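Q: So the chains spell out like this:
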Amino acid sequence: MSMPNLRACLCVAIVASAGSTIGRAQEGPGLGVPATPEQVSGWAISILPDGTGLPAGSGTAAAGAEVYAEKCVACHGVDGAGMPNDQLVGGHGTIATATPVRTIGSYWPYATTVFDYVRRAMPLVAPQSLTNDETYALTAYLLHLNGIIDEDDVMNARTLPRIEMPNRDNFVRAVP
Amino acid sequence: MTNLERTPEAASPLLEPVAGNGLLHRRLFLTGSAALVGAAGLEFMSVRPAAAAPPEVPVWMKTPGAGMSPYGTRSRYEEGVVRAVGATSGTVGTGASRTPLERLEGIITPGALHFERHHNGIPDIDPAEHRLLIHGLVDRPLMFDLESLSRYPLVSRIQFLECSGNSGANNAPQAPQQSASGIHGLVSCSEWTGVPLGVLLEEAGVRRTARWIVAEGADAAAMSRSIPKLKALDDAIVAIYQNGERLRPGNGYPMRLFLPGWEGNACVKWLRRLQVTAEPAMTKDETSKYSDLMPDGKALLFTFPMGVKSVITSPSGGLSMRGPGLYQISGIAWSGAGRIRSVEVSADGGRTFAAAALEDPVLPKALTRFRMPWRWDGGAAVLQSRAIDETGAVQPTRQALLAERGAAFRYHYHAIQSWEVSPEGGVRNVYA
Numbered sequence: 001m002s003m004p005n006l007r008a009c010l011c012v013a014i015v016a017s018a019g020s021t022i023g024r025a026q027e028g029p030g031l032g033v034p035a036t037p038e039q040v041s042g043w044a045i046s047i048l049p050d051g052t053g054l055p056a057g058s059g060t061a062a063a064g065a066e067v068y069a070e071k072c073v074a075c076h077g078v079d080g081a082g083m084p085n086d087q088l089v090g091g092h093g094t095i096a097t098a099t100p101v102r103t104i105g106s107y108w109p110y111a112t113t114v115f116d117y118v119r120r121a122m123p124l125v126a127p128q129s130l131t132n133d134e135t136y137a138l139t140a141y142l143l144h145l146n147g148i149i150d151e152d153d154v155m156n157a158r159t160l161p162r163i164e165m166p167n168r169d170n171f172v173r174a175v176p
Numbered sequence: 001m002t003n004l005e006r007t008p009e010a011a012s013p014l015l016e017p018v019a020g021n022g023l024l025h026r027r028l029f030l031t032g033s034a035a036l037v038g039a040a041g042l043e044f045m046s047v048r049p050a051a052a053a054p055p056e057v058p059v060w061m062k063t064p065g066a067g068m069s070p071y072g073t074r075s076r077y078e079e080g081v082v083r084a085v086g087a088t089s090g091t092v093g094t095g096a097s098r099t100p101l102e103r104l105e106g107i108i109t110p111g112a113l114h115f116e117r118h119h120n121g122i123p124d125i126d127p128a129e130h131r132l133l134i135h136g137l138v139d140r141p142l143m144f145d146l147e148s149l150s151r152y153p154l155v156s157r158i159q160f161l162e163c164s165g166n167s168g169a170n171n172a173p174q175a176p177q178q179s180a181s182g183i184h185g186l187v188s189c190s191e192w193t194g195v196p197l198g199v200l201l202e203e204a205g206v207r208r209t210a211r212w213i214v215a216e217g218a219d220a221a222a223m224s225r226s227i228p229k230l231k232a233l234d235d236a237i238v239a240i241y242q243n244g245e246r247l248r249p250g251n252g253y254p255m256r257l258f259l260p261g262w263e264g265n266a267c268v269k270w271l272r273r274l275q276v277t278a279e280p281a282m283t284k285d286e287t288s289k290y291s292d293l294m295p296d297g298k299a300l301l302f303t304f305p306m307g308v309k310s311v312i313t314s315p316s317g318g319l320s321m322r323g324p325g326l327y328q329i330s331g332i333a334w335s336g337a338g339r340i341r342s343v344e345v346s347a348d349g350g351r352t353f354a355a356a357a358l359e360d361p362v363l364p365k366a367l368t369r370f371r372m373p374w375r376w377d378g379g380a381a382v383l384q385s386r387a388i389d390e391t392g393a394v395q396p397t398r399q400a401l402l403a404e405r406g407a408a409f410r411y412h413y414h415a416i417q418s419w420e421v422s423p424e425g426g427v428r429n430v431y432a
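These protein sequence lines are chains A and B, in that order.
Here the working numbering is used: the first residue of the first sequence is 1, the next is one more, and so on.
Here the working numbering is used: the first residue of the second sequence is 1, the next is one more, and so on.
The following block holds chain B by itself, in its conformation from the complex (with noise of 0.2 Å):
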């Protein structure tokens, strides 16, 4: 390191910290001294001996390399990232897969890793025999098929989805010592690409009286909920695409219902049946489940927009710091409202913010990643950040989201997630 000629650290501004236990200016990476400071930090990283390292030529750069697949696998040195699967007691597939978040990077999450909840496993759809049927209050009951939908005007979105029970862990009187993933790990990211619901509505001509639309899968769950009209005949689509290709078995194929920002539970899979009517059909799934019970024993139904959320994914619970230095804090936010406004960062417990960087594309309603630059000490910390979105809303402290919801409640739990770095690297949940 003595030929490495080192900038003092007062000589940028950008180097000064912005809040409390060492975090930097945001826009520390994009400038030329981040470079000098990046190349300090990485001294901390060992780097392995390897038989292929310099000097050595790498035997894969000896012979000729694989050939070619028809569908592309990863790296078998990845096969490690994989979602984890909790099955309910005495069922196969009745339960959910989590999102490996701290694993990943970007706002896209990879079709094979986005998470699922299924209420009765997931069926094996012949497409040429899948209908889409709409009836109830039109004029027209009307069938589809995916070989007639895929010929109408698609359109195509990234946006997030989310399990409105995700999250819900941190309800715990004691934090659970689980990764980003087992906490959060119910929300993912795609570009989904589909019909918009209200050109099929307009064919079956939906009538004056009609308010809600009753929506079925094909599962065998037949997984039911009722959606207002006014949602399906504003940003709804029915969904025949996930980042390019079909839509996996696992969510929902041949055609899912999908409403940007709300609650997964609602976005149907395996789509089967649009019933209009003029109330909702009370199902199951929206007074017995994803009801939200309030502390004095009143029920909210129909609570379906997801709440401002962010949460930090490295350093993130079950990682380990390789020794003191720069890091870059990364993380996601969304919001079910729309853009994120912004993201604030805390290393101190959330007594001192400082704005993060927020990565383009910044899109309403789909993951937002943000990073922030970090020069850890090596003592105690508790990292927190903090999302606002384009309506104001700022995300909840944990206490103050108990303080309104009770101790009992499930759904759309959002609070600001703390994670405490200690002196020997270790990361864990806590609350802050």
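Bound conformation, chain A alone (with noise of 0.2 Å):
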């Protein structure tokens, strides 16, 4: 290679450097250990808003009802009214006044969050130990105890993506 060459070679290099991820010449040693799909499987629980990451599995507000008797009611109240922890029912129309009651109803922006947060967080005390059916029961329950879905409407991979919640056109992004 001959020395003008070199030198562009160099400048492109720098320029890719200086635009790269890192920007400050730094570069790892390459010890990361390839994982397996088997392992990003079993740990991968982040459920998104267009339904990525749900899993099989169906439920209803009726079964739903059932699993909250049993292990919610403690902390969340009968029928979501909330006390000692959040409530999770109701508030609808308080959102853009001096008292605002947020609630999955009133407030949340997407009805996966629900299955998201109550998989991988609820209930407190043996978090991550509800099937994904009771998840989808319990995400049922709460939205038809908010008035968003019927009492009969089961709730999967492919239903719970499509449910508009009724606040979601408030929330702006910050970050596009």
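Source of the hints: derived by calculation from the structure; they are not laboratory data.
Quantities reported herein were computed from a predicted structural model and do not represent experimental measurements.
Hints should not be assumed to be uniformly reliable.
Here are the simulated distance ranges between beta carbons [as the list claims (entries may be wrong)]: (1) A:Val172 to B:Pro127: 51 to 59 Å; (2) A:Gln39 to B:Thr73: 21 to 29 Å; (3) A:Thr36 to B:Arg207: 13 to 21 Å; (4) A:Gly42 to B:Pro64: 52 to 60 Å.
Incomplete in silico selection of chain A near chain B, CB under 8 Å [what the hints assert, rightly or not]: (5) Gly30; (6) Gly32; (7) Ile45; (8) Val101; (9) Arg102; (10) Tyr107; (11) Tyr110; (12) Pro166; (13) Asn170; (14) Val172.
Backbone N, C-alpha and C define an ideal beta-carbon position, used for all residues, glycine too.
Work from the hints to combine the two standalone chains into their complex.
A: Okay, here's the thing in structure tokens:
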């Protein structure tokens, strides 16, 4: 390689480096261990608003009511009325007032968030203990109590992402 | 005092007030004449009679001291300097502990006093069993452990961490009668050391369609937040050391995400998973919580940077003055946008301000210590501090912030704090 070409190559490399993700000419020793699809799927519990990540299974409000009575009511009250912990139902029409009541029905912008959060974090004393069917059922129950779906509507990987939450259009992203 | 030659105060221009109600020039304590004034100020401090005071020889000089210990502890006389711990009803590990700002000095928060906010307790993680998984829109899903991360090129930076719910107590209609810690104690500052996140993402090969990184913790809440890729590739690190030692369990041991200048909740502790995505996950903690509800009912998502802010920590709520005389007002200022350019202090409730001295180092996205000499005449006073950062952003008044944000917002409260000093010497929170 002649000198001019080498210089041109170096320039390209420097520009690429400056514009790259690192920008500080740092490089790792490459110690990451490849993860198998099985390893990834065992850990990947995030549910995206488009339904990415939703597992097989399904549930209705009636089944959800039974799970709720057993595992949720002590913290969230009868019919999701709250106390001692968060109120989950109601508050509709309060969000633009001086005393907003933020619930799943009045505030949350995405129904997929209910599944994601319940599965990863609830119940508080035994997180990640619910089956996917139980989680779908609880999600259906909470959406039904908030008047968003009918009692017989089945929630699954296909139906849940299609739910239009009442307050969704009031959310504005500060980062596009 | 008769043998103390007191210079007439008018002799030094630094002793002329620079703003109302007794504020003196910020350089006063740096001058020779300040020593004299300082000594005069001390006359108001009572010196307790003590068995070890002159002419007696203290007992600890007459017997060998204690032995050394493998891991140090503070003096037993300082054991009252603690975090205020508050847990959610019915839980042990859901809640927050607050840094005792008014009992500390300088800019570094001791690890044991760093604030904590947990969503379902502190996990007891064996680092040999812990993995960080990077997957999603990457060419190569990869796993890392603490040992492997420790071999990567590390960076260290002194930076603040603040919960975006900090200071929200001052949004109540009546000024809460709490200390600086009780109101503002969800901010701390440490030297954080870790691996630039961009290095790990580059190794995994982030695809062009990627715009977000969904971060998740290994706690019993599997706390999860979506982070813009631009921040992840800018100055984000996977932190593995805090103030020179491994992270404390309450601050994410063995590894946490650290996003300089951004709200604490997004700096996911016990980091176990980074899922590279095209869109945010819209997790509970970025929609239902940590979103900024505006008076018109609109709610802003992803308002990550912490606003320019300051608070006087001495004197502050719950402390008491020892009588009229010279005092040093001391406080902290910070901004998620960069360095603090200046801090102005008022002793008359914001009618007049004068520039405080900034203690070196003044670092970007770090706490900056400010100091201001004040001759308290024993009358009523309202102390305020107002920070300005290097972008020119000015800390707002409470009135201005509430006018913009309404009365019901929870996060990103960063208005000017007012401490009222009564003629009796009591200090309390007021809305001025």
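Q: For each hint, tell me whether it holds in the structure or not.
A: For each hint, the structure was consulted:
1. For the hinted restraint 51 to 59 Å between Val172 of chain A and Pro127 of chain B, the CB-CB distance of approximately 40 Å leaves it violated.
2. Checked against the given bound of 21 to 29 Å, the beta carbons of Gln39 of chain A and Thr73 of chain B, roughly 42 Å apart, lie outside it.
3. The supplied range of 13 to 21 Å is met by Thr36 of chain A and Arg207 of chain B, whose beta-carbon atoms lie about 19 Å from each other.
4. Hint check: Gly42 of chain A to Pro64 of chain B, Cβ distance near 58 Å, so the stated range 52 to 60 Å holds.
5. Checking Gly30 of chain A against chain B by beta carbon gives a least distance of about 6 Å; that is within 8 Å, so the hint holds.
6. Annotation: interface hint on Gly32 of chain A holds; nearest CB of chain B at approximately 3 Å, less than 8 Å.
7. At about 7 Å, the closest approach between the beta carbon of Ile45 of chain A and any beta carbon in chain B falls short of 8 Å, and the interface hint on this residue holds.
8. The beta carbon of Val101 of chain A comes no nearer than 10 Å to any beta carbon in chain B, farther than 8 Å, and the hint placing it at the interface is violated.
9. Because the beta carbon of Arg102 of chain A sits about 7 Å from the nearest beta carbon in chain B, less than 8 Å, this interface hint is met.
10. A least Cβ separation of about 6 Å between Tyr107 of chain A and chain B falls short of the 8 Å threshold, and the interface hint therefore holds.
11. Because the smallest distance between the Cβ of Tyr110 of chain A and any Cβ of chain B comes to about 5 Å, under 8 Å, the interface hint for this residue holds.
12. For Pro166 of chain A, the interface hint is violated, since its Cβ never comes within 8 Å of a Cβ in chain B; the closest pair sits about 12 Å apart.
13. For Asn170 of chain A, the interface hint holds, since its Cβ comes within 8 Å of a Cβ in chain B; the closest pair sits about 5 Å apart.
14. At its closest, the beta carbon of Val172 of chain A sits 5 Å from a beta carbon of chain B; the interface hint therefore holds under the 8 Å criterion.
Violated hints, in rising order: 1, 2, 8, 12; the structure is consistent with all others.
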